[in-house]
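**Student:** Please arrange chain V on chain W, whose structure you already have, making use of the hints.
The primary structure of each chain is shown beneath.
2 protein chains.
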Amino acid sequence: MTGFNVTILGNGSAVPTATQHPSSQIVRLSEEQFMIDCGEGAQMQMIKYKIKHRKLNHLFVSHLHGDHYFGLFGLVATFHLFGREESLNIYAPSDLQKLLEHQLRVSKTDLRFNLNFHPLEDYKSTPLFVSGDYEVTIFPLYHRMPTWGVKIRKQDNELRVDKDFVAQYSPSIDQIISIKKGADYMTESGKVLTNKEITLPVRSDKIYVYCSDTVFNEHVIDHVKGADLLYHEATFDSSMQNAAKDKYHSTSVDAATVAKKAGVGKLLLGHYSARFDDLTELLLQARAVFPNTLLSEEGQTYSIK
Amino acid sequence: MTGFNVTILGNGSAVPTATQHPSSQIVRLSEEQFMIDCGEGAQMQMIKYKIKHRKLNHLFVSHLHGDHYFGLFGLVATFHLFGREESLNIYAPSDLQKLLEHQLRVSKTDLRFNLNFHPLEDYKSTPLFVSGDYEVTIFPLYHRMPTWGVKIRKQDNELRVDKDFVAQYSPSIDQIISIKKGADYMTESGKVLTNKEITLPVRSDKIYVYCSDTVFNEHVIDHVKGADLLYHEATFDSSMQNAAKDKYHSTSVDAATVAKKAGVGKLLLGHYSARFDDLTELLLQARAVFPNTLLSEEGQTYSIK
Numbered sequence: 007m008t009g010f011n012v013t014i015l016g017n018g019s020a021v022p023t024a025t026q027h028p029s030s031q032i033v034r035l036s037e038e039q040f041m042i043d044c045g046e047g048a049q050m051q052m053i054k055y056k057i058k059h060r061k062l063n064h065l066f067v068s069h070l071h072g073d074h075y076f077g078l079f080g081l082v083a084t085f086h087l088f089g090r091e092e093s094l095n096i097y098a099p100s101d102l103q104k105l106l107e108h109q110l111r112v113s114k115t116d117l118r119f120n121l122n123f124h125p126l127e128d129y130k131s132t133p134l135f136v137s138g139d140y141e142v143t144i145f146p147l148y149h150r151m152p153t154w155g156v157k158i159r160k161q162d163n164e165l166r167v168d169k170d171f172v173a174q175y176s177p178s179i180d181q182i183i184s185i186k187k188g189a190d191y192m193t194e195s196g197k198v199l200t201n202k203e204i205t206l207p208v209r210s211d212k213i214y215v216y217c218s219d220t221v222f223n224e225h226v227i228d229h230v231k232g233a234d235l236l237y238h239e240a241t242f243d244s245s246m247q248n249a250a251k252d253k254y255h256s257t258s259v260d261a262a263t264v265a266k267k268a269g270v271g272k273l274l275l276g277h278y279s280a281r282f283d284d285l286t287e288l289l290l291q292a293r294a295v296f297p298n299t300l301l302s303e304e305g306q307t308y309s310i311k
Numbered sequence: 007m008t009g010f011n012v013t014i015l016g017n018g019s020a021v022p023t024a025t026q027h028p029s030s031q032i033v034r035l036s037e038e039q040f041m042i043d044c045g046e047g048a049q050m051q052m053i054k055y056k057i058k059h060r061k062l063n064h065l066f067v068s069h070l071h072g073d074h075y076f077g078l079f080g081l082v083a084t085f086h087l088f089g090r091e092e093s094l095n096i097y098a099p100s101d102l103q104k105l106l107e108h109q110l111r112v113s114k115t116d117l118r119f120n121l122n123f124h125p126l127e128d129y130k131s132t133p134l135f136v137s138g139d140y141e142v143t144i145f146p147l148y149h150r151m152p153t154w155g156v157k158i159r160k161q162d163n164e165l166r167v168d169k170d171f172v173a174q175y176s177p178s179i180d181q182i183i184s185i186k187k188g189a190d191y192m193t194e195s196g197k198v199l200t201n202k203e204i205t206l207p208v209r210s211d212k213i214y215v216y217c218s219d220t221v222f223n224e225h226v227i228d229h230v231k232g233a234d235l236l237y238h239e240a241t242f243d244s245s246m247q248n249a250a251k252d253k254y255h256s257t258s259v260d261a262a263t264v265a266k267k268a269g270v271g272k273l274l275l276g277h278y279s280a281r282f283d284d285l286t287e288l289l290l291q292a293r294a295v296f297p298n299t300l301l302s303e304e305g306q307t308y309s310i311k
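Protein chains in written order, with my numbering: chain W, 7 to 311; chain V, 7 to 311.
Hints are not guaranteed to be accurate.
The list treats identical chains as one, so a pair stands whether inside a single copy or across any two.
Claimed, not checked - Below, a list of computed lysine-lysine pairs in the DSSO-like style, where the Cα atoms sit at most 27 Å apart:
{"no.": "1", "residue 1": "K267", "residue 2": "K311"}
{"no.": "2", "residue 1": "K114", "residue 2": "K130"}
{"no.": "3", "residue 1": "K114", "residue 2": "K251"}
{"no.": "4", "residue 1": "K104", "residue 2": "K114"}
{"no.": "5", "residue 1": "K251", "residue 2": "K186"}
{"no.": "6", "residue 1": "K114", "residue 2": "K253"}
{"no.": "7", "residue 1": "K197", "residue 2": "K267"}
{"no.": "8", "residue 1": "K104", "residue 2": "K130"}
{"no.": "9", "residue 1": "K61", "residue 2": "K114"}
{"no.": "10", "residue 1": "K130", "residue 2": "K56"}
These are calculated hints, taken from the structure and not from any lab test. None of these values were measured; they are calculated from a predicted model.
This is chain W alone, in the form it adopts within the complex:
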């Protein structure tokens, strides 16, 4: 699937279940793929959901609880065995670098590709990276250890062709593509319509935000504002608000409150506790606060629009 979208490889929490894998997802940035978190089994989930290694050059780890990075060792080993040559950029808390190097020494793996480690602590306001029209930035979450959320902004500079003009003159596909790039249009009678006359201003940027793991905190809301799609952890339901606070996690109502206060387009819940056989209550509690809420599902792809 092309375009700006996210595929969920795992949306469970610390303990896996028969149907839930730990956190991992793939965001498509036009031609590039970006992995957010890499829980155990992420590489097998990629196979299951037919996600290629191709152009997965950037990988982000939100924090160093195992359910967010235990799959990294296997994925890096597989890249190596497949003869990867492209550099891999890992954006993660600094402590992971030495652990990863230690693990490569122990398994006597002499990587054939560059592993560029970018400690998240170094990124106060600069983007992690920019890829074409996409810019990836991070912001602090509030968990039991240093944890970061991630925000991906797609700059949308494409001109929209005016619908009335299309209805009246029926331009060809090639002509529409040219107009989107700034061309004028000549009618059959030889009249020139300037590009400005037949297009509308650029649409707004598209934004995806990922928040896992975090307790409810007003500071998060500022970073989430403007998101078209927000993935937010919902480890507990509202009957467990105290447990959520104690463990620095969110309930689905906390997630919905962030979505509502930030005025996001759509809320996608995840990081479900293994204790729930049925997530309906979690969803209904969230929808009571923020109606446009969905339960994320493993293997599903969600467009950011």
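**Tutor:** For chain V alone, kept in the frame of chain W given last:
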């Protein structure tokens, strides 16, 4: 399933496929469970195949290539989150200890249970452990790094009740149990048959041997002798004999040759390369040398008898 048997959680090699997980298996030692190797996803495979954590107190890692231990971190974390209190014994190459400790520090995991680490280098001839009638020992394999095979011997001291006696006197189940424990038997006419008269000598021990990963080497055969069931790696087929030698792996014919020369009961192949879509040729080549050969299958349980 009770008794002496092994369940395959993974029988792939370094790179997982849609149907193959990396090495891991569970051997049942009467009331105890023993894990051999712990590739990535082993804990999810345990859930899939309904294997409980209960009485899994001993875990062996044959060598430090990632496909044999990347699942250990997640399994240990899950034991911790489930509130495990029993000690866990890990038998592995010594380098794994510091890596495991490093990983626990990074993920800020303060284990609630004792993790007893037993470096395999320390076991020259003594058993790793003894559990009831079961004795677990190791022996060297021949791979690109220090690697050990494992041998599990079940001492069978149970007396067998003579079939002719059973046919003639039809003793009750309770009486048979007593006789197996050494009791004499009194006939309806009051005649005492001594235990020795109505039982047969003890049967031979039952032995399971695990060999992965290794190149063919005559020294292995001595350690495999007497095995009722031998699990042996067969990463390649015989057309790739040179590749097998170069990489210190075996072909299925190498595995069958070991089985034949050691005179084992049954050979179970595993550690298949991801390159094979169909393992039939691998199996047929092995059977031409050693007919009683099976392809191990994920999720299947094999009795050792």
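**Student:** None of the hints should be skipped; say for each whether it holds.
**Tutor:** Quick rundown of the hints versus the structure:
For the identical chains of this complex, K267 and K311 are intra-copy neighbours only, at 19 Å inside a copy versus 66 Å across copies, given an alpha-carbon limit of 27 Å. For the identical chains of this complex, K114 and K130 are inter-copy neighbours only, at 24 Å across copies versus 35 Å inside a copy, given an alpha-carbon limit of 27 Å. Taking the shortest Cα distances, K114 and K251 sit within 27 Å of each other only across copies (19 Å), while inside one copy they are farther apart (42 Å). For a Cα distance limit of 27 Å, the shortest separation of K104 from K114 qualifies both inside one copy, at 15 Å, and across copies, at 15 Å.
Neither within a single protomer nor between protomers do K251 and K186 lie at most 27 Å apart by alpha-carbon distance, with minima of 50 Å and 60 Å respectively. Taking identical chains as interchangeable, the C-alpha atoms of K114 and K253 lie at most 27 Å apart only when they sit on different chains, with a minimum of 14 Å there against 37 Å within one chain. In this homomeric assembly, K197 and K267 never come within 27 Å of each other (Cα to Cα): the closest approach is 50 Å inside a single copy and 91 Å across copies. Only within a single protomer do K104 and K130 lie at most 27 Å apart by alpha-carbon distance; the minimum there is 22 Å, versus 33 Å between protomers.
Taking the shortest alpha-carbon separations for K61 and K114, only the intra-copy value of 26 Å comes in at or below 27 Å, while the best inter-copy value is 33 Å. Taking the shortest alpha-carbon separations for K130 and K56, neither the intra-copy value of 35 Å nor the inter-copy value of 46 Å comes in at or below 27 Å.
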